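Chemist: Protein chains in written order, with my numbering: chain A, 1 to 483; chain B, 1 to 96.
Note that these hints are calculated values from the structure, not bench results. Be aware that a few hints might be false.
No more than 30 Å apart at the CA atoms, straight line, and that leaves these computed lysine-lysine pairs for DSS-like [as the list claims (entries may be wrong)]:
#	chain 1	residue 1	chain 2	residue 2
1	A	Lys459	A	Lys476
2	A	Lys459	A	Lys84
3	A	Lys274	A	Lys100
4	B	Lys25	A	Lys84
5	A	Lys459	B	Lys25
6	A	Lys459	A	Lys403
Note that the structure is predicted; figures quoted are calculated from it, not measured.
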Amino acid sequence: MPDKGVLELTVAEAAARIAATELSAAEYFSAWHEAALGDELNAYLFQVDHPAEHQTIDGPLGGIPVAVKDIFATEGSPTTAGSKILEGYIPPYTAAAVRKLDAAGARVLGKTNMDEFAMGSSNENSAYGPVLNPWDRTRVPGGSSGGSAAVVAGGLAPCALGTDTGGSIRQPAALCGIVGLKPTYGAISRYGMIAFASSLDQCGPLTRDVTDAALLLASLQGRDPCDSTSVGIEGGIVAPSRDDLQGLRFGVPRELARDQVDAGVREVFEATLKRIEELGGVITEVGLPNAEHGISAYYVIAPAEASSNLARYDGVRYGMRAGGDGDLLEMYETTRAEGFGDEVKRRIMLGTYALSSGYYEAYYGQAQKVRTRIAEDFRTAFGEVDFVVTPTSPSVAFGLGEKTDDPLSMYLNDFFTVPMSLAGIPAISLPAGLAAPEGGGPQLPVGFQIAAPAFAEQKLLEASFALEQAIGFDAKPGEGSGG
Amino acid sequence: MIDREQVLHVARLARLRLSDEEVEKMAGELSGILDHVDRIGNLDLEGVEPTSHVVALENVWRADEPRPSLPHDVALASAPEPEDGAFRVPSPQADA
Numbered sequence: 001m002p003d004k005g006v007l008e009l010t011v012a013e014a015a016a017r018i019a020a021t022e023l024s025a026a027e028y029f030s031a032w033h034e035a036a037l038g039d040e041l042n043a044y045l046f047q048v049d050h051p052a053e054h055q056t057i058d059g060p061l062g063g064i065p066v067a068v069k070d071i072f073a074t075e076g077s078p079t080t081a082g083s084k085i086l087e088g089y090i091p092p093y094t095a096a097a098v099r100k101l102d103a104a105g106a107r108v109l110g111k112t113n114m115d116e117f118a119m120g121s122s123n124e125n126s127a128y129g130p131v132l133n134p135w136d137r138t139r140v141p142g143g144s145s146g147g148s149a150a151v152v153a154g155g156l157a158p159c160a161l162g163t164d165t166g167g168s169i170r171q172p173a174a175l176c177g178i179v180g181l182k183p184t185y186g187a188i189s190r191y192g193m194i195a196f197a198s199s200l201d202q203c204g205p206l207t208r209d210v211t212d213a214a215l216l217l218a219s220l221q222g223r224d225p226c227d228s229t230s231v232g233i234e235g236g237i238v239a240p241s242r243d244d245l246q247g248l249r250f251g252v253p254r255e256l257a258r259d260q261v262d263a264g265v266r267e268v269f270e271a272t273l274k275r276i277e278e279l280g281g282v283i284t285e286v287g288l289p290n291a292e293h294g295i296s297a298y299y300v301i302a303p304a305e306a307s308s309n310l311a312r313y314d315g316v317r318y319g320m321r322a323g324g325d326g327d328l329l330e331m332y333e334t335t336r337a338e339g340f341g342d343e344v345k346r347r348i349m350l351g352t353y354a355l356s357s358g359y360y361e362a363y364y365g366q367a368q369k370v371r372t373r374i375a376e377d378f379r380t381a382f383g384e385v386d387f388v389v390t391p392t393s394p395s396v397a398f399g400l401g402e403k404t405d406d407p408l409s410m411y412l413n414d415f416f417t418v419p420m421s422l423a424g425i426p427a428i429s430l431p432a433g434l435a436a437p438e439g440g441g442p443q444l445p446v447g448f449q450i451a452a453p454a455f456a457e458q459k460l461l462e463a464s465f466a467l468e469q470a471i472g473f474d475a476k477p478g479e480g481s482g483g
Numbered sequence: 001m002i003d004r005e006q007v008l009h010v011a012r013l014a015r016l017r018l019s020d021e022e023v024e025k026m027a028g029e030l031s032g033i034l035d036h037v038d039r040i041g042n043l044d045l046e047g048v049e050p051t052s053h054v055v056a057l058e059n060v061w062r063a064d065e066p067r068p069s070l071p072h073d074v075a076l077a078s079a080p081e082p083e084d085g086a087f088r089v090p091s092p093q094a095d096a
């Protein structure tokens, strides 16, 4: 039996040992498989029995098990996107990102739970029940890649793949105390990633540390003929090694609504700014005057695109069908009424309304112009600074059920992550410390977000690596957090 | 504000059947969200180019060459009601 020790290795460490034949890929996989079977967080929707046999351990991720968000099509394995409407669906092909990992030697460990069609910030919108936060099982792990964040933080997978449309990798990474990277739009192919909002969706890694995030990104990025918006990252990605921040400028948005951030999160944020200065970095203020309109623009654009993308779930070609005894229209309407959950219906309604005759210009047209302004704000800011930094989320993990009755307050949770999505730029969330929730309770992780210009991932990872070493975040769920 | 009639109209466009209870709830929730979203309605954005896409790409070309596609039976494997190599659907007209 493999000792418990192998589960403590980072992906980079494990891959190096496997490549040097000091660790058996088969034993490593079965150790993780066993750990994954002990899932008490409802984080997995499906687990494989054994790794695909054809696989080689040659490659930078040789023998590394990876948990994949259930939004990626996987040939021969169930893929639900957290929705009842896709219950039992077995895709006939595999998503490009998963194929890339496979080609690098990684093997799928299972599919992770998520908010239905990636719509949510708490994972409570999954048709298969909420995921529990490994730090405190009465709290949410964040969303929509909540299952992917929980498996990495909870010791159920060494690394995971997620998707981010408005913060869905960064926010759950923050709430679970791990690293989450949303690459530049176009860095990684979206082929086979079930579409939510096509002009915003981008996949990325959720890992224990920055080095592992770089390792996964190196294999994931690249142009793919099946997604004409994918262009890849010029020069590729290598392991980061920088140990100072000398000469780098970090901009804190002047408009950052400090009063909307919980005191504990603010404290960790300020302490992290000090660390940056200790490493030789310079902190300055920058203006992002239009960022405050990000949520408004996002909650027009994303639902508008979703209402169009989700038109394909009509009970004809795949997924469930209901009301088949009536006429065609009745079948469509009944299938969608029974197959979609509340949040998905809400967004389809919102998007359909925003695109409907008489409202198109006032909502969709106006939101697209705000998007231009936000992208311009970042371009201007990056003329003055190398990075823009914010807290990832205004609070630590909130309680299950705390925000489910108020969709708007749930949406406002994405305040700091949405502007980067609209601008299409890369952003990472690093675990920066612990803080108690506003209402009291155990200490929980706080995320620090760093955003960089489009396709500046290598520079972003170098700075993140230096800062990560200085922060030295080593808290784990269940250690000193039990209260 | 969005009223009941508007909710029903949009639900028809979206091919969603909503229960009476859902219609009431949706009217209130959508009104609340739109109230927040309406803040951008007052911004002066005259002359600003809309952004539909963030990557500076024009057309992406490839050779127009036939390639293999999914086999027929594989494409139909997940259909709720395949029949004779096709997707079977109810009649578009109730009495047909």
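Chemist: Are the Cα positions of Lys459(A) and Lys84(A) separated by 30 Å at most?
Modeler: The hint is violated at about 41 Å.
Chemist: Does Lys459(A) pair with Lys476(A) here, judged by a C-alpha cut-off of 30 Å?
Modeler: 28 Å, holds
Chemist: Check whether the Cα positions of Lys274(A) and Lys100(A) lie no farther apart than 30 Å.
Modeler: At roughly 39 Å apart (the allowed maximum being 30 Å), Lys100(A) and Lys274(A) break the hint.
Chemist: Are Lys25(B) and Lys84(A) close enough, with their CA atoms no more than 30 Å apart?
Modeler: Answer holds: Lys25(B) to Lys84(A) is near 22 Å, not above 30 Å.
Chemist: Do the alpha carbons of Lys459(A) and Lys403(A) lie within 30 Å of each other, as the hint requires?
Modeler: The hint is violated at about 36 Å.
Chemist: Please work out if Lys459(A) and Lys25(B) have their alpha carbons no farther apart than 30 Å.
Modeler: 47 Å, violated
Violated hints for the displayed structure, listed by number in ascending order: 2, 3, 5 and 6.
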